[in-house]
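**Q** Top to bottom, those sequences are chains U and H.
Numbering-wise (our numbering), the first sequence opens with residue 1 and increments by one.
Numbering-wise (our numbering), the second sequence opens with residue 1 and increments by one.
In short, the hints are calculated from the structure, not lab data.
Just so it is clear, the structure is predicted and the values come from calculations on it, not from any experiment.
Think of the CB as a built atom: it goes at the ideal place given N, C-alpha and C, for glycine as much as any other residue.
Fair warning: there could be bad hints in the mix.
[To be verified] Counterexamples of contact, computed for chain U against chain H with all Cβ distances above 12 Å:
hint: 1; residue: A36
hint: 2; residue: L69
hint: 3; residue: G86
hint: 4; residue: S142
hint: 5; residue: S235
hint: 6; residue: I241
hint: 7; residue: V271
hint: 8; residue: R283
hint: 9; residue: N303
hint: 10; residue: D388
hint: 11; residue: F446
hint: 12; residue: D461
[Stated by the list, open to error] Computed cross-link-like contacts, DSBU-like style, restricted to lysine-lysine with a CA-CA straight-line distance of at most 30 Å:
hint: 13; chain 1: U; residue 1: K415; chain 2: H; residue 2: K26
hint: 14; chain 1: U; residue 1: K411; chain 2: H; residue 2: K26
hint: 15; chain 1: U; residue 1: K377; chain 2: H; residue 2: K26
hint: 16; chain 1: U; residue 1: K250; chain 2: U; residue 2: K15
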Amino acid sequence: MAELNKLTIAELSEKLAAGDCTSVDIVNDVLASIDANDGNVGAYLTIDREDALEQARVADGRRAAGEKLPMLGIPVAIKDLLNVKGQPCTCSSKILEGYVAPYDATVISKLREAGAVLLGRVNMDEFAMGSSTENAALGKTSNPWNLDHVPGGSSGGSAACVAADEAIASLGSDTGGSIRQPAAFCGCVGVKPTYGRVSRYGLTAFASSLDQIGPLTKTVKDSAILLETLCGHDSMDSSSIEMEVPTFGKNLPSDTSLAGMKLGLPREYFVEGMDPEVEKSVRDAVEHCKSLGAEIVDVSLPNAKYAIAVYYIIATAEASANLARFDGIRYGMRLDGKDPAELYAKTRSAGFGQEVKRRIILGTYVLSSGYYDAYYKKAQKVRTLIRDDFKEAFKECDAILAPVTPTPAYKKGDKTDDPLKMYLDDILTTPINLAGNCALSLPCGFASNGMPIGLQIIGDDFQEETILKVGHAYEQSTEWHKQRPSL
Amino acid sequence: MSETHDGMDVGYVAKLACIDLTDEEKTLFQGQLDQVLHYVEQLNELDVSEVEPTAHAIPVFNVLRKDELGTSLNHDDVIANAPSAADGHVRVPKIIDQ
Chain U
1 MAELNKLTIA
11 ELSEKLAAGD
21 CTSVDIVNDV
31 LASIDANDGN
41 VGAYLTIDRE
51 DALEQARVAD
61 GRRAAGEKLP
71 MLGIPVAIKD
81 LLNVKGQPCT
91 CSSKILEGYV
101 APYDATVISK
111 LREAGAVLLG
121 RVNMDEFAMG
131 SSTENAALGK
141 TSNPWNLDHV
151 PGGSSGGSAA
161 CVAADEAIAS
171 LGSDTGGSIR
181 QPAAFCGCVG
191 VKPTYGRVSR
201 YGLTAFASSL
211 DQIGPLTKTV
221 KDSAILLETL
231 CGHDSMDSSS
241 IEMEVPTFGK
251 NLPSDTSLAG
261 MKLGLPREYF
271 VEGMDPEVEK
281 SVRDAVEHCK
291 SLGAEIVDVS
301 LPNAKYAIAV
311 YYIIATAEAS
321 ANLARFDGIR
331 YGMRLDGKDP
341 AELYAKTRSA
351 GFGQEVKRRI
361 ILGTYVLSSG
371 YYDAYYKKAQ
381 KVRTLIRDDF
391 KEAFKECDAI
401 LAPVTPTPAY
411 KKGDKTDDPL
421 KMYLDDILTT
431 PINLAGNCAL
441 SLPCGFASNG
451 MPIGLQIIGD
461 DFQEETILKV
471 GHAYEQSTEW
481 HKQRPSL
Chain H
1 MSETHDGMDV
11 GYVAKLACID
21 LTDEEKTLFQ
31 GQLDQVLHYV
41 EQLNELDVSE
51 VEPTAHAIPV
61 FNVLRKDELG
71 TSLNHDDVIA
81 NAPSAADGHV
91 RVPKIIDQ
């Protein structure tokens, strides 16, 4: 067996160009790997095989006609909150069972133009609310490195399918760490682009001032190639920025030197309660970057410790407004009532899971009359301080190195009874969503129990090129990304 | 903030959000959300009276499109998602009594 599913976008692109394989061959190998392993991993919610093979045949036709785009013929798994015309989009919620998307999200249109094969829809925490994919109502996903462990979340399916070689790459979304944290837990690469880089049109909104779509891949170079396809201004998203998109993939240097690069180490980021193995791996990675020529400078993000408090006020406030649209009237589940009010309440009570209800209630509370200034407005002001910290820090350095999570992936069920405990895990990722800048997560080691550890590289606004360069240099001079789970 | 959250009545706020909670959910959420509200009180350590609030980290202002006719979503595809529909319309319970 050729096992094309185990290769990267860059490797497959070369094989396709050389005529060594076709897109249909790749899709067949990926489908075979899903058949062999997804019973255990549980990354996928739905797969339309015939549709995927048809897209692959079209891609092969386009290549035969002379097209050479880097994503042409490459299968990509899609987080189940992005609208793909004619496909379900459940957000892993009962309330959206039966919904069929009537349009393509902008990132999906871009992938179609680029000739990528939209492979299937992967599991997530319901409406992206969670950090372990245990809040999913429609599927159960395991970490490919140890099936008793969580894959992280909310883009748990997106990370698990890439780590298990059940996809070449995938799309996720990151509101408070939902790409970077599962990437770290599953040992793959994930990028949260700068707010406004990627259009959110067709992404089911959780917290609109924080949400960004991004890639999950096996290597930094693959993330660069896929990210380039997703970026660009879109008139359908008023927060989308009009700015030229660099050719991230081509611009990666061929050597691994970091000479002339200043990398910041935030002293507040090695938080109390951090797993010593995570701290050691990240500090070793910092030393490694130094050996590649980077200068390491001390930076301070004094208000980052308030990020969880700020995030869970702002994100829930925005979610309570965004999720008002799920009322049983125009789509999805409906439980009838004698009047509209009874219909809404019965539908929403039966359709939403507990974590979603909890967050809607919290968000409704912090926005309600009398509490708005004390909670919501105050959180927005502290958000300014968090953003100002990054502005100051980036005067001293080109990028910041940090852990992604305080611990590696934990066992299923460990944190499900204690929402606050699960929220606190987002302490190192939420500051970036609040500040709006970009960050990537990539493998930098393994804990003694065999679970992967992630390194976070944080960049200033629209400095994706810098973090990709640092990540690529680190990755290409280490071996972590070459290790695969045995399934 | 500390004096305010004591007054959070989960059942009442859930009603504002059009969600009916069971008694078990009310008890469970009350405890869990009180804990979260207690946690966010740490923001009171900061004096932010002179700080401007941030609504969007990367601000974009006054985005307007040209007033031109564009294509809309296919009507049949959209109505096909409605749990109840008739004659190309979404059907809902009676709102006004005659």
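**Q** Compare the structure with each hint and give your call.
**A** Hint-by-hint comparison with the structure:
Here A36/U stays apart from chain H, with its beta-carbon at least about 35 Å from theirs, past the 12 Å limit. With a least CB separation of 26 Å from chain H, L69/U remains clear of the 12 Å interface cut-off, as annotated. Remark: the non-interface label on G86/U conflicts with the geometry, its nearest Cβ contact in chain H lying 8 Å away (cut-off 12 Å). The claim that S142/U is not at the interface with chain H holds, since no C-beta of that chain comes within 12 Å of its own (minimum 26 Å).
Against the 12 Å criterion, S235/U falls within the reach of chain H, whose nearest CB is about 6 Å from its own CB. Here I241/U does not stay apart from chain H, with its beta-carbon only about 7 Å from theirs, under the 12 Å limit. Listed as outside the interface, V271/U is consistent with that label: its C-beta sits roughly 14 Å from the nearest C-beta of chain H, beyond the 12 Å cut-off. Interface exclusion of R283/U from chain H stands, the closest Cβ pair being 28 Å apart, more than 12 Å.
At roughly 8 Å from the closest C-beta of chain H, the C-beta of N303/U falls inside 12 Å, breaking its exclusion from the interface. Once the 12 Å rule is applied to beta carbons, D388/U is inconsistent with being away from chain H; the minimum gap is 9 Å. A cut-off of 12 Å between C-beta atoms confirms that F446/U is not in contact with chain H; the least separation is 32 Å. Remark: the non-interface label on D461/U conflicts with the geometry, its nearest Cβ contact in chain H lying 6 Å away (cut-off 12 Å).
The hinted pair formed by K415/U and K26/H meets the criterion: a straight-line CA distance of about 20 Å does not exceed 30 Å. About 28 Å separates the Cα atoms of K411/U and K26/H, which keeps this hinted pair within 30 Å; it holds. Only pairs whose Cα atoms come within 30 Å are accepted, and K377/U paired with K26/H is accepted, the gap being roughly 27 Å. A hinted pair counts as satisfied when its Cα atoms are at most 30 Å apart, and K250/U with K15/U qualifies at roughly 18 Å.
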